[in-house]
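**Q** Residue numbers (the numbering used here), protein chains in the order written: chain A, 443 to 850; chain B, 2 to 58.
Everything labelled a hint here was simulated from the structure, so no lab data went into it. Beta carbons are placed, not taken as given, at the ideal position from N, Cα and C, and that holds for glycine. Careful: at least some of the hints might be erroneous.
Simulated pairs of lysine to aspartate or glutamate, DMTMM-like, Cα-Cα distance not exceeding 25 Å [unchecked claim]: (1) A/Lys617 <-> B/Glu34; (2) A/Lys579 <-> B/Glu55; (3) B/Lys5 <-> A/Asp618; (4) A/Lys444 <-> B/Asp41; (5) B/Lys10 <-> A/Glu571; (6) A/Lys542 <-> B/Glu30; (7) A/Lys753 <-> A/Glu558; (8) A/Lys586 <-> B/Asp41; (9) B/Lys10 <-> A/Asp611; (10) A/Lys615 <-> B/Glu27; (11) A/Lys753 <-> A/Asp618; (12) A/Lys746 <-> A/Asp445; (13) B/Lys37 <-> A/Asp611; (14) B/Lys10 <-> A/Glu674; (15) A/Lys586 <-> A/Glu674; (16) B/Lys58 <-> A/Glu674; (17) B/Lys10 <-> A/Asp683; (18) A/Lys586 <-> B/Glu27; (19) A/Lys542 <-> B/Glu27; (20) A/Lys746 <-> A/Glu785; (21) A/Lys586 <-> B/Glu55; (22) A/Lys615 <-> B/Glu55; (23) A/Lys687 <-> A/Asp792; (24) A/Lys586 <-> A/Asp445; (25) A/Lys493 <-> A/Glu510; (26) A/Lys615 <-> B/Glu34; (27) A/Lys824 <-> A/Asp793; (28) B/Lys5 <-> B/Asp41.
Example chain A residues on the side facing chain B (calculated, C-beta under 7 Å, incomplete) [claimed, not checked]: (29) Glu601; (30) Gly673; (31) Val675; (32) Ala677.
Covered by chain A, according to a simulated footprint, are these stretches of chain B (three or more residues, beta-carbon under 8 Å) [claimed, not checked]: (33) 4 to 14; (34) 28 to 41; (35) 45 to 57.
Listed here are the chains, written in short residue letters.
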Amino acid sequence: MKDRYDVIVVGAGPGGSMTAKTAANAGLDVLLIEKRQQIGDPVRCAEGVNKVYLKEYIQPDPAWISAEVKGSKIYAPDGAMVEMSEKLAGAEVGYVLERKVFDRALVRDAALAGAEVMVKTRATGLLMEDGFVKGIKAQHMGEKYNIRSDIVVGADGVESKVGRWAGIDTTLKPKDISTCAQYIMTDIDIDTDFCEFYVGNKIAPLGYIWVFPKGNNMANVGIGITGHMSGEVRAKELLDDFVQKRYPGGKVIEFIVGGVPVCGTIERTVANGLMLVGDAARQSDPVTGGGIFNSMWAGDIAGKVAANAIKHSDVSAGFLQEYETKWRAGLGRDLDMSLVVKERFTRLTDDELNTLAHSLEGIDLGSVTLIGLLWALFKANKKLLWDLRSIFKGIKEIEMEASVEVNS
Amino acid sequence: MTVKVNRFKCGYCGACVGVCPPGALELIETWIEVDKTCTDCGICVRICPVGALEVQK
Ligand SMILES: Cc1cc2nc3c(=O)[nH]c(=O)nc-3n(C[C@H](O)[C@H](O)[C@H](O)COP(=O)(O)OP(=O)(O)OC[C@H]3O[C@@H](n4cnc5c(N)ncnc54)[C@H](O)[C@@H]3O)c2cc1C
Ligand code: SF4
Ligand code: SF4
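One chain only, chain A, in its complex shape (with noise of 0.2 Å):
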C-alpha cells in the first residue's frame, strides 16, 4: 500500500471492480479496497443477469455461469402464467451466474489493468480538506491508515456510509429497500430453461418469490419484500412457507438474506472529489431488484470520468456532474419507469393480479421487452393501469407494438 493514489475505490462488488478497471486502463494509479476478505461471498443476489448486455464488460466464462435460461415465467396468485421468452433455439437471453466467481474474476481483471487490491481493508471515514475528499481513514487487520486520494469513489453497496460521510443521505426507507432472504435448493423439480417469479399479496407481500435454475438439479429459491411489510412476517418465514408448500421434499444446501434499494434515482451522487456508484447510487431496479448490470455500466463511466478529471487537474462537483449526466440519460429513465410501475403494482390486490395475467391468455409475448409487456397490459387494462400511461410517452407506438410480436 502507498500512502497517495489517483482514485480509491471502496466496495469490490461488481461496481467497484469496473471502476477500478476502467480507472486502471486509462493509466491511472488506483486501489480498490474490500473489507470482506473473500470478494463476494457470503453472496447477496438471485444471480439473474441478462446475457447480451453482460457481454459489453466481461468474456463469457464457463466458471462463472452457472446456468442459461431462455425467459421468464411469471406466476399470478390463481397460478395463471405469463411466459416471456426467446422462441428460437439457441437464443438464450439470461445466465445465471455463479457470483463468488464472477465478483472474483471482475476483481482480477481490475488487478490485471494495473489496480492495487486490498481485501480485509475497510473504509471507516473521508479525510476532507476544505470541502474536498482528500482520501480515506481505513483499517486493515487491526491497524488504522490514512489513504490519500484525488478521488474517492463509494461503491460500498446497499450498507453504503461513504456518501453520508460526504454529506449526501443516502439512507433507504423502509419502503425503499426490498429485504430478502434465499436458499439454494436440491433434488427439486424445476424448470431449467427458465426463471420463474410468484407475485401475491399473501405470498410476497409487496414483492415476490423467485427461482432461479443453477444447473446440476440446483436453483436460487428466494423472496423479496419491501421493507414496511417487514415485522410481524418476514422475509425468511415467507420463503419457509412457500418452500414447504411448493418443494416439500427439497433440500436445502446454502441460506443467505440480503437487501436491495428500491428507491429509484436520488438527489445527487457526486461531491467534490467523490462519485457513488451502484447500490451504493441506489442504482438498482425498484421493480425487479437487478443491479449487477447497473453498477457495472456505472462504474465503467465513473472510471472514465475519473480520468478525464484527474488530466485536467479538476475533481470539484461540477466537473464530476459528468458522471452524474451520463449515467442518468442512460439509466435514470429506466429507473423512473420502474419506480412508476412499482407503485401502482405494489398496490393491485390480488384479484386483479389475477385479471392482468388472465388479460394476455392467448396473446403470443414473443420475445417481449418490460416495456413491451407492459404495453400489451396497459391496452388490455386501462382502466386498471391508468396511472402507468405517462411511462409510454416517447416512445413510439410501433416500437412497443414490435417487441409485443416480434415472434408471434
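Given chain A, put chain B with the ligands in place with the hints provided.
**A** Leaving out everything else, chain B with the ligands in the frame of chain A:
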C-alpha cells in the same frame, strides 16, 4: 438503550445498516456493531430478513 444483535441469527447482509437514520450500525466483516447514536427507532429491527435485531429497553 440500544439495539441488541443476535449474532447466531444474523446473516451479515448489511440491510439494517442501509436503513439506520443516524448511521449507528456498522457491518464489520461478519458482525454488526451498534454505536451510541442509536435512537431506538426500531427501523432496523423491522426490516431484518431473519429477525436478528431487538430494541433493548
Ligand atoms: C437477495 C438479492 C437478490 C438479488 N438478485 C439480483 C439478480 O438476480 N440480478 C441482479 O442484477 N441483481 C440482483 N441483486 C442486486 C445485486 O446483488 C446488486 O445490485 C449488486 O451486487 C450491486 O453491486 P455493487 O458493486 O453496487 O455492490 P455490492 O455487490 O453490494 O458490493 C459492495 C461491496 O462493498 C463492500 N463494502 C461495503 N462497505 C465497505 C467499506 N466501508 N470498506 C470496504 N468495503 C466495503 C462490501 O463488502 C461489498 O463487497 C440482488 C440483491 C439481493 C440482496
Ligand atoms: S439485516 Fe439482520 S441479518 Fe442483515 S446484517 Fe442486519 S441484523 Fe444481520
Ligand atoms: S433502532 Fe434505529 S437508530 Fe437504532 S440502530 Fe436501529 S435503525 Fe439505527
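**Q** Confirm or reject each hint.
**A** These are the hints, each one checked on the structure:
For a cut-off of 25 Å, the pair hint linking A/Lys617 to B/Glu34 stands: about 24 Å separates their Cα positions. Among the hinted pairs, A/Lys579 with B/Glu55 is inconsistent with the structure: their alpha-carbon atoms are about 30 Å apart, more than 25 Å. Among the hinted pairs, B/Lys5 with A/Asp618 is consistent with the structure: their alpha-carbon atoms are about 24 Å apart, no more than 25 Å. Pair hint A/Lys444 plus B/Asp41 does not hold up; C-alpha atoms about 41 Å apart against a cutoff of 25 Å.
Distance restraint check for B/Lys10 and A/Glu571: the Cα-Cα separation of roughly 41 Å exceeds the 25 Å cut-off, and the hinted pair is therefore not satisfied. Straight-line distance between C-alpha atoms of A/Lys542 and B/Glu30 comes to about 16 Å, which keeps the hinted pair within the 25 Å bound. Distance restraint check for A/Lys753 and A/Glu558: the Cα-Cα separation of roughly 20 Å lies within the 25 Å cut-off, and the hinted pair is therefore satisfied. Annotation: proposed proximity of A/Lys586 to B/Asp41 is violated, straight-line Cα distance about 30 Å (limit 25 Å).
Distance restraint check for B/Lys10 and A/Asp611: the Cα-Cα separation of roughly 29 Å exceeds the 25 Å cut-off, and the hinted pair is therefore not satisfied. Straight-line distance between C-alpha atoms of A/Lys615 and B/Glu27 comes to about 17 Å, which keeps the hinted pair within the 25 Å bound. Restraint check for A/Lys753 and A/Asp618: the C-alpha separation of about 37 Å exceeds 25 Å, so the hint is violated. Restraint check for A/Lys746 and A/Asp445: the C-alpha separation of about 23 Å stays at or below 25 Å, so the hint holds.
With a C-alpha separation of about 20 Å, the suggested pair B/Lys37 and A/Asp611 falls inside the 25 Å cut-off, and the hint holds. Using a Cα cut-off of 25 Å, the hinted pair B/Lys10 and A/Glu674 holds, with the two alpha carbons roughly 17 Å apart. For the proposed pair A/Lys586 and A/Glu674, the alpha carbon gap of about 41 Å is over 25 Å, so the pair is violated. Of the supplied pair hints, the one linking B/Lys58 and A/Glu674 holds, its CA atoms being roughly 19 Å apart against a limit of 25 Å.
Pair hint B/Lys10 plus A/Asp683 holds up; C-alpha atoms about 19 Å apart against a cutoff of 25 Å. In summary, the hint linking A/Lys586 to B/Glu27 is supported, as the alpha carbons are separated by about 17 Å, within the 25 Å threshold. Annotation: proposed proximity of A/Lys542 to B/Glu27 holds, straight-line Cα distance about 23 Å (limit 25 Å). Taking the CA atoms of A/Lys746 and A/Glu785, the gap is about 34 Å. The hint is violated against a cut of 25 Å.
In summary, the hint linking A/Lys586 to B/Glu55 is not supported, as the alpha carbons are separated by about 31 Å, beyond the 25 Å threshold. Our distance criterion of 25 Å between C-alpha atoms is met by A/Lys615 and B/Glu55, whose separation comes to about 18 Å. For the proposed pair A/Lys687 and A/Asp792, the alpha carbon gap of about 19 Å is at most 25 Å, so the pair holds. Of the supplied pair hints, the one linking A/Lys586 and A/Asp445 holds, its CA atoms being roughly 12 Å apart against a limit of 25 Å.
Distance check on the hinted pair: A/Lys493 and A/Glu510 sit about 9 Å apart at the alpha-carbon level, within 25 Å; holds. Of the pairs offered as hints, the one joining A/Lys615 and B/Glu34 holds, with about 20 Å between alpha carbons and a cut-off of 25 Å not exceeded. A distance of roughly 16 Å separates the Cα atoms of A/Lys824 and A/Asp793; the hinted pair therefore holds under the 25 Å criterion. A C-alpha spacing of about 10 Å is found between B/Lys5 and B/Asp41, which places the hinted pair at or below 25 Å, so the restraint holds.
With its C-beta approaching chain B no nearer than about 3 Å, A/Glu601 sits inside the 7 Å limit, and its interface hint holds. Given the 7 Å rule on beta carbons, the hint for A/Gly673 holds: about 4 Å separates it from the nearest Cβ of chain B. For A/Val675, the suggested interface contact is broken, since its CB lies about 10 Å from the closest CB of chain B, more than 7 Å. Taking 7 Å as the C-beta cut-off, the interface hint given for A/Ala677 holds, the closest approach to chain B being about 4 Å.
Residues of the segment 4 to 14 of chain B lying with their CB closer than 8 Å to a CB of chain A number 3, which satisfies the three-residue condition for coverage. Under the rule that three or more residues need a Cβ within less than 8 Å of chain A, the assignment of the segment 28 to 41 of chain B holds, with 3 such residues. By the rule of at least three residues with a Cβ nearer than 8 Å to a Cβ of chain A, the coverage given for the segment 45 to 57 of chain B holds, with 7 such residues.
Taken one by one, the earlier hints fail for this structure at numbers 2, 4, 5, 8, 9, 11, 15, 20, 21 and 31, listed in ascending order.
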